[in-house]
Amino acid sequence: MTRKRRRLLAVLAGMGMLGIAAALVLNAFSDSLVFFYSPSDLKTKAVPQGRMLRIGGLVEEASVKRAGDGKTVTFRITDGSAAVPVTYSGALPDLFREGQGVVVEGRIDGAGEVRAASVLAKHDERYMPKEVVEALKKSGHWQEGAAQR
Amino acid sequence: MIAELGHFALILALLLALLQASVPLAGAARRDLGWMALARRTALGQLVLVSLAFAALIHAYVTSDFSVANVFENSHSAKPLLYKVTGAWGNHEGSMVLWVFILALCGAAVAGFGGNLPAELRARVLAVQGMIGSGFLLFILLTSDPFHRLVPAPLDGRGLNPVLQDPGLAFHPPFLYLGYVGFSVAFSFAVAALIEGRVDAAWARWVRPWTLAAWCALTIGIAMGSWWAYYTLGWGGWWFWDPVENASLMPWLVGTALLHSAIVVEKREALKSWTILLAILTFSLSLIGTFLVRSGVLTSVHAFAVDPARGTFILLLLLVAIGGSLSLYAVRAPSLKGGGLFAPISREGALVLNNLLLTTAAATVFLGTLYPLFSEELGGPKLSVGFPFFDRTFAPLMVPLLIAVAVGPLLAWKRGDLLGALQRLWLAVAAVAVVILIGLYLTHGGPALAVLGLGLAAWVFTSALVEWAERVKLGRTSAGETWRRARYLPRAAHGMTLAHLGLAVTLAGIAASAWQEERIEIVRPGQDLTIAGYALHLDEVAQIAGANFTADRARITVSKDGKLTAEMDPEKRFFPVQQMPTSVTAIHTNLLADLYVALGDSDGSGGWTIRAYWKPLVPWIWIGAVFMALGGLLSLSDRRWRIGVAVRAPHAARAAAAGD
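As given, the protein sequences belong to chains A and B, one line each in that order.
Residues 0 to 148 in numbering that gives the first Met the number 0 are what the first sequence spells out, letter by letter.
Residues 0 to 659 in numbering that gives the first Met the number 0 are what the second sequence spells out, letter by letter.
Simulated from the structure, these hints should not be mistaken for lab results.
Here the structure is a predicted model, which means the values were calculated and not measured.
Careful: at least some of the hints might be erroneous.
Unchecked claim - Distance condition first, Cα-Cα at most 27 Å in a straight line; then the derived DSSO-like pairs of lysine-lysine:
1) A:Lys70 / B:Lys559
2) B:Lys413 / B:Lys266
3) A:Lys64 / A:Lys42
4) B:Lys266 / B:Lys559
5) B:Lys472 / A:Lys3
6) A:Lys42 / B:Lys381
7) A:Lys44 / B:Lys381
8) A:Lys3 / B:Lys336
9) B:Lys381 / B:Lys266
Unchecked claim - Rough simulated footprint, nothing fancy, chain B against chain A, three-plus residues with beta-carbon under 8 Å:
10) 3–11
11) 16–25
12) 28–36
13) 64–78
14) 107–116
Note that the Cβ used here is the ideal one computed from N, Cα and C, for glycine as well.
Use the sequences and the hints to build the structure in full.
Below, the structure is given as structure tokens:
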């Protein structure tokens, strides 16, 4: 095999690999991109039902209710101007509590309630999820330094 | 006083680094031996100075000197000594000092052990190391001063984040950084080779041990991080496709590719410019890994505080390092002479396939990790890329890689015999068939993909054994002859077998996670929770006090078929300094499966939420990673990396090496 043919082959293999990768990426992108909404966005924007999305904000004070089975929890997420009810069944992160910034990932059901598949809180209580900070800033309920100490 | 000394040492180190970055480079161009020799001395001097600074920082932590802002923010007097020390690098400023400390260590190692490198190459390599060091020291001194003083000094500190107060995490960053920074040596060698315009087998022999060492450290670092997440986060996940995890996975993937392509340069003098490119990419991804995420640009559970001044500097540093090296590559790479020819079906061909798949996989991870950033910066919607993306792009690319990893080592250099190799793998094919049939029979209707994953693991495992057995002629000749062959087989060959076996073990652990069981229930003392045939009896939940926390500790006795098998004590700790709760899970393992219990909240009327998981084969994920790292270390101990060591070559060794 000549040098030229070898190079051609290598280029073809590389292109083929990139093509496969591009196909895989496009295929996976179509339904694994998770868009971010604040509770206010949910009120004002048209939100696709049944699609995975992320909602960030603070856990509203006095809204956390635990069902008797030990794993189902309902609470509300607020950005100060709007709040949205969430139902979640599973293990909550240690840092989950009222007043804490969280991001939930889940789907909106017909009643406008979020069925969460996962609840994320930061490892460190000093920092809030960036999206939450921005959502709070947008709604005008961000207090500089309050959450950051 | 000592903190000021540390600060001063950093400034001196910067000056030395600038000297190291310039004079030896000019010396190499002028062939001035005196100027070139400066590189060794400055590299050793940097190690001394940066060690001093690092020691000063640790001293400030150990003595709880809260007049140092960094200590005040990240430490507390009531903290176990171990975490006072490790707290030094559990924050942005301290971790940067650790970074330059390891960089200085690498530089000094090149200077110290590189006695038989050609003088020009050594001078240039060290000069490039000096440039990296200058960039980082400048970054520390301008934007992240770890020795900044507070006046007046506070009485006590804010404490280290409790989740970081864990022995597993204490040593996770040093290993990770050892990996990241270790790749800087391969990078410096690549840039030096581009300046010289020469890459040969000897060059590959110098680069490969450094790459191997960095790769081993990174493997251990990633495994430790994932193990830590597994046992602390309380729900038994071990990989989340979080940006920080991805940031460490990308250099690992490309570094793995580099490890393999450097073999081709060494044995066959082919793939030279590709190997150079990989060395540049690996370190660039390490830089991106250290920075983009740590700087808080990407939302991540691991991000440190965000500071816009740092962001700009970081971007500039990335631009200079990555842009500069890639431009140099674009200019100089075409002049590198291509090496030996090979057919597509050959050992080289298999390694090219390995490289293509690994780099493509890294590219998809890169895209998935950074896409949210691109989308937002370009005015698009705010979004995140969920783990289904990675499952669907990364996994399909790994399948052909795992199939090929079995065949590659059985192919000859230059021109291989694919059919012959496959025939020799009949045992592996049989193993796959057995595993898949048993798997499908036992779990009929269960997750078929997981069964396939186990089959793939059996394929990789058996074929690695077959390859090794062929080399030592196991069973085909006398036991004594096999023993002799095994002894004279290069350590690198044993290392490869061990690492590939480890890959198979990890893969099996990952695949089997599909069969895990989960129970979350409210249990009262005296009641049972059953999972996977085990009865978990909650005896009591007691309040206990630790060094800097209080905790609720549950006492659970585990029995199976009426026989007592274990006692487990999961805790829920509360750290008053930070007002923060953490979980301490209890794990009972028999190496085939883990029983994993975490204590949840009290329901206020005597019941406690207990989360229990049964996770088959999950310990294999980390056992496999340890195998991989040990394989790398074994390979690292191969005599041939020690250039200049007289090679002892009796006939048997030569015969074994010929098959290598």
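Now the hints, each set against the structure:
Straight-line distance between C-alpha atoms of Lys70 of chain A and Lys559 of chain B comes to about 25 Å, which keeps the hinted pair within the 27 Å bound. Of the pairs offered as hints, the one joining Lys413 of chain B and Lys266 of chain B holds, with about 11 Å between alpha carbons and a cut-off of 27 Å not exceeded. At most 27 Å may separate the alpha-carbon atoms for a hinted pair to count; Lys64 of chain A and Lys42 of chain A meet this at roughly 23 Å. Restraint check for Lys266 of chain B and Lys559 of chain B: the C-alpha separation of about 56 Å exceeds 27 Å, so the hint is violated.
Pair hint Lys472 of chain B plus Lys3 of chain A does not hold up; C-alpha atoms about 39 Å apart against a cutoff of 27 Å. Taking the CA atoms of Lys42 of chain A and Lys381 of chain B, the gap is about 17 Å. The hint holds against a cut of 27 Å. Note on Lys44 of chain A and Lys381 of chain B: the hinted pairing holds, with a Cα-Cα distance of about 14 Å set against a maximum of 27 Å. Restraint check for Lys3 of chain A and Lys336 of chain B: the C-alpha separation of about 14 Å stays at or below 27 Å, so the hint holds.
Between Lys381 of chain B and Lys266 of chain B the CA atoms are separated by roughly 49 Å; this puts the pair beyond 27 Å, and the hint is violated. Check on the region 3–11 of chain A: 3 of its residues sit with their Cβ under 8 Å from a Cβ of chain B, so the three-residue criterion for coverage holds. Residue count for the region 16–25 of chain A with a Cβ under 8 Å from a Cβ of chain B: 6. That meets the three needed, and the coverage hint holds. Only residues whose beta carbon comes within less than 8 Å of a beta carbon in chain B count, and the region 28–36 of chain A has 7; three or more means the coverage holds.
Coverage of a stretch by a chain is defined here by at least three residues with a beta carbon nearer than 8 Å to that chain's beta carbons; for the region 64–78 of chain A and chain B the count is 5, and the condition holds. Counting residues of the region 107–116 of chain A whose beta carbon lies closer than 8 Å to any beta carbon of chain B gives 0, which falls below the threshold of three, so the coverage claim is violated.
Hints 4, 5, 9, 14 from the list above are not met by this structure, while the remaining hints are.
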